[in-house]
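Given only the sequences and the hints, what does the whole structure look like? Please build it.
As you go down the protein sequences, you meet chains A and B in turn. Residue numbers for the first sequence follow the working numbering, so the first one is 1 and each next one is one higher. Residue numbers for the second sequence follow the working numbering, so the first one is 1 and each next one is one higher.
Where hints are given, some of them may not hold.
[Claimed, not checked] Sample of chain B residues lacking proximity to chain A, with all beta carbon distances greater than 10 Å (derived):
| # | residue |
| --- | --- |
| 1 | 121 |
| 2 | 189 |
| 3 | 264 |
| 4 | 318 |
| 5 | 451 |
| 6 | 457 |
[Unchecked claim] Computed footprint of chain B on chain A; a stretch qualifies when at least three of its residues, placed anywhere within it, have a C-beta under 8 Å from a C-beta of chain B:
| # | segment |
| --- | --- |
| 7 | 54 to 64 |
| 8 | 269 to 277 |
| 9 | 314 to 324 |
| 10 | 399 to 407 |
None of these hints come from the bench; they were simulated from the model. We treat Cβ as the ideally placed atom computed from N, Cα and C, and that holds for glycine.
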Amino acid sequence: MRKHILLFGTLGLAISAFSLTGCGKKGKSDTYDKDGNLIINLRNLYFSDYTGGGEYLKRLEKKFQVSLTFENYQDENWQAQVTSQIKGGDLPDVFHSNVTNYNFVNTYKKWAKENVTKALPEDLSKWPHLKHVLDNTTNIDALKVNGRLYGIPIAKNTSDFSIKFSQFTYLYRRDWAKKWGVYQENDEYTWPQFEALLDKFVQNLDVNKNQYALGDVEWGFPSITNFYKDVPHCYAYDSVQDKYVCNYTTDEYISGLMASKEFSDKGRYYPSQNTLNTGDMRKEFIQGRIGVFYENISYANYWAIREGIKDRFKGNITTEDLDDCTAIMKVRGPDGKYAIEGIDNWYSMTLFDKKISDTKLEKVLDILDWLLDEEGTKLAVYGIEGYDYLEDPVTHEIELIPESWYDSNGNPIDKKNGANYVRYLVTLGNDTLSINPSTDWHISNYLDDWEAEMKEAYANNELRIFKERDEVMWLDTSLKSLYSETMRDGANTAAMQYTYGAIDLDTFKASFGYPWGDVLSEINSALGK
Amino acid sequence: MKRSRFKGLLFGLVAMTSLLSCQGQPVDDSEPSVPIDQIDKGNIAFTSDDIINSSFGGLGVEWGAYENTDKLIENGWEKIIDHMDHLGPARIRLMINYDWFCQNFDDKGDDDKTNDTWTYNFSNKYATNMFDILDYCQVHGIDVAYGCWNVIGDLKNDVWNMMEEVTSDIRWARISADVLDYLVHQKGYSCIKWFVSSNEPNWLGYEGSSKNFKNTYEKWEQGIKNVRKALDDIGLTNIGIIGGDTTGYAGTDEYFTNIANNIPDLVADYGAHLYLSNYDVDRGNMLTEVRGMVKKIKKLDSEAGKSRPFEIWEAGFLDGKTILDSQTAITACSYGVRMTDYTIQCLAAGLDGVVYWDFDDAMHFMYTNNGAVPKEWGMFSSLAEASAAKQELRPWYHSSSLLCHLIKKGNKIYSPLQNNTELDDTFRCIGTVNPDGTQGGFVAINAAYRKTTKTFYMDDTVSGDKLYIYIFNENSYRLDEEGYITPNYVIDGSLNKKITLEFAPSTAIFVSNTRL
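The structure is reproduced here in structure tokens:
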């Protein structure tokens, strides 16, 4: 049996129980089921295939006298579904939206100002665990509209808010690298070694079978620029001029773009990124047609990729072979450093329909706060005491009961723990991955090891994190709000065209005319540059 | 009628009353009334006053029409039939799509649905497969619940315009009657006993991806009224309509309550789908929940549990379900142990039938951008693309086969007082005997993480001088040379004599006077 000790000391909070019911007046929209439970409709991308039911949810519902309904979003058109419901006026009580800096003004802030979404209470002291998470959310002030927060940024990790870099990096076919004699110890590659590996892959792969050396996730192309550019997207800071400039025409980005074109010209790159739909490149990698794959290797994505490959081999693949098919590659750029895109500790938000009552909003906050508390976390992560786990009354050591967690073949049972799904409204659960018995330890360990290496590299000045400055990233000005997303999309299209030789460099540079100048002027003016 | 275990004075009278008042129907009317401290945990006697159903409806499996028979392995159908032969269900649920058969739709260019016309084509691979299944059931005396998944039409190009009114659309009843008229009157499939008026009507799904998105109970009820009349008009009065076919406790409660209040005489049963947490079954919550549901509806409908029995039409588990609608737990023996427990709890609660979801991975697919992905919930896979391991019979096929062969249609079902979660939430059992006492036995489950020992005895006379004992857990179940289950022990003995059995953790034991 695996033993765990739950630690909640990081909060440093001594929280007494408080009333969970009767908070505030009932709103007009409140409806109750036949047993008097408040009905709350939830919709979230992370619900995946969970549609409710099960003992764990029942316990949560009973504790809070609620009846929760679940609906997910389809990954392919998540934002379109959110927008459609807003336009149709049929939002669920609690919904979920992608709120990155590129759309937050046009979505999050707009919705707040137009009374689509409901603000959180100003005083969050009743929900100390939730408040703790919000207080530690990076750039939280940028999300305030007239001083109010209109939703909950979903934290990637509520036990470590210090993560500065994303998990956007390369997976690769270590087995191919070994077979063709280009494998490097510990999966670490210098830039020349990386190029040599790709060239060896090109040499051995068969384009007639649609096999290619390098492919990027659709939103990440061309990933080669990462090793050159200073910011991920539009607005680079020019320290000489002390002002913001177009990132895509900086020397750094152009160098990266030219390198990308060289990669394409040498046949290293997948030849038709422009034809791909979301998720297509992942399928190519799973199908064994891509040697090196740039992707967001979050736990969920990494798990899905490995499961996809297992399915491809109909389960007839050893863990070692699977590891060799999906190894995490560590590439140092021409400057000798790793390069990873910087991020905040969240990227999407749980939002509330403006029409819901204060009672309902507070009930949801009650639930989320409890799920961040020790008791709620135990239900969400471990399940039911006596069935899923035993707890030592003195040491509080948790002992899992294997019969509950593993089937008779010894395979972990994917439990549909409704409490855990509700917890996704406030955190992705990375904080509980290490204690969650359902975690695939291979994946978790690989990611932990990679993250630790990158943290160490950062500490040793061997990792370059590229990220827009906060002051410009969350700046809310009219032209920036209006054009940023289309400017970014246009730039990416032009970059793709140049990489594949559809346009020349001059044409690429010339594509950054209107409205770039006006937007940058507005930004520099707003920031006193 | 209250059941009592004060044997000395009342036993004879109570037992006689049970039998007299409830022949041919489920008989449970109340919660067990004996104080817990008076129930013997270790000695279990199946007596006449434990009879909870005097003529059981039957166990079965979902055997839906195959969506693509081109994908089957070579000689796949023979293998499927062989497996069905050995499974021995009393009933199946066979669902089809009307889209497969309806063509040449003409709405006459107006909004009047009464003048719409279409034709039927039963000369395609879907129909051929449907006939194969019905032929088998007709020959083997298997009762069929036949139905259509949902309304006709395409989500992206809804030329039929049925998704607004769903099954209340008048054409739903017309098509249903036409198809059943053809199958029963022309093709002679008298094995069709029930009609399923759309799958899980309470599950609305998502706008744009579900044909059922705009359904309401009221629309479903109107559909039942329309279909009932349409069937009656063509003389199909003997085909019952499943009352609900809903999923989950909450939705089922809503539909059952409305049915009991509004249209009890129009339905043949109270039918539900239940996909449960492992915990719900392992700790006996299901028994308590289902008993509560039965009790509630019986108060509203005096024929509930009698001429209108309670039945499960899709039995499955929530834990292990994947995003592509497959079940990862089916490969393990523990799935069979839990499904056995699930069955025991249903029968102990007075339900008249359980249909397992489902028979063969090859029947249904999830259609993704990456192609059709099989929904793997089955007892095996007959798909050519499946690995050899997936094509093998899974453990829960064997436990289901034991259940189907032990607890036959028409049998009496005994649920002793030990089926009480307050007494023990990890042990349950039921006994069963056929009407003439020539076939019977019991199945018991130890869902605990520890061993337990119990002594069993059947009070009603059951003939036979041999006992066939099957121990079902990961380490113990045995297969014969053909790959079908075989007893661990065959001993001289009688069900009317006490037998003491030691249960390993998470184990089901079947004891029968016949080879199952």
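Now for the hints, and whether the structure bears them out:
| no. | hint | result |
| --- | --- | --- |
| 1 | 121 | 33 Å, holds |
| 2 | 189 | 34 Å, holds |
| 3 | 264 | 19 Å, holds |
| 4 | 318 | 5 Å, violated |
| 5 | 451 | 13 Å, holds |
| 6 | 457 | 30 Å, holds |
| 7 | 54 to 64 | holds (count 3) |
| 8 | 269 to 277 | violated (count 1) |
| 9 | 314 to 324 | holds (count 3) |
| 10 | 399 to 407 | holds (count 4) |
In this structure, the hints that do not hold are numbers 4 and 8, in rising order.
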